[in-house]
Amino acid sequence: DVKVTQSSRYLVKRTGEKVFLECVQDMDHENMFWYRQDPGLGLRLIYFSYDVKMKEKGDIPEGYSVSREKKERFSLILESASTNQTSMYLCASSSRGPFKGTQYFGPGTRLTVL
Amino acid sequence: QKEVEQNSGPLSVPEGAIASLNCTYSDRGSQSFFWYRQYSGKSPELIMFIYSNGDKEDGRFTAQLNKASQYVSLLIRDSQPSDSATYLCAGRSNDYKLSFGAGTTVTVRA
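Chains as they are written, first to last, in the working numbering: chain D, 4 to 117; chain V, 24 to 133.
Some hints here could point you the wrong way.
[What the hints assert, rightly or not] DSSO-like, lysine-lysine: derived pairs with alpha carbons at most 30 Å apart:
id: 1; chain 1: V; residue 1: Lys25; chain 2: V; residue 2: Lys79
id: 2; chain 1: D; residue 1: Lys60; chain 2: V; residue 2: Lys25
id: 3; chain 1: V; residue 1: Lys25; chain 2: D; residue 2: Lys58
id: 4; chain 1: V; residue 1: Lys65; chain 2: D; residue 2: Lys21
id: 5; chain 1: V; residue 1: Lys65; chain 2: D; residue 2: Lys6
id: 6; chain 1: D; residue 1: Lys73; chain 2: D; residue 2: Lys6
id: 7; chain 1: V; residue 1: Lys90; chain 2: D; residue 2: Lys60
The set of hints was computed from the structure by calculation and includes no laboratory data.
Computed from a prediction, not measured in an experiment: that's the story for all the values here.
Build out the structure end to end from the sequences listed, making use of the hints.
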């Protein structure tokens, strides 16, 4: 079974703090994604990566950066957290092989910025 | 306009009935489609995917794809209270990204 894990289920941070969210997958997937999900707005793609050290902006990259130094790990960084970044953050991974496109999600991190 | 649109719902069905969820897409290049179920406070989990025209059945779930009309649907037969969740439709048009619909919330009344 595909397993995607995220470093924290719940996180509370102060405005202006630098925040790191980590995601690890154990299925050797090439692609990894970071989304945020807010009521009424659905899933919105922040960044994705299709290979180590490669990244592309999604629909809402402002205020975020990412890092992918190893194939299994994809980190989302909030350089200076703001209250409008309070949200559920979801990491996902997918393969370019058979069943390509199928994204498997981690459990999510609910971030609150005070 | 979003690439993938879902009938907004919410949808309420009695236990044992069929729940019908619909999704339309704008990108004719979309190659495959996915249905995810998301329980409140949880992350999306894959129910099934479909890439050929016609029906695909998996247990109580049937996905239908009509590329000419650009719609995808999901039928849940013999609906159970445990099927109460938000269902997300997604389409893939390249090697990487999925475009997700906003979701349809289904409530199954016991």
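Hint numbers contradicted by this structure: Violated: none.
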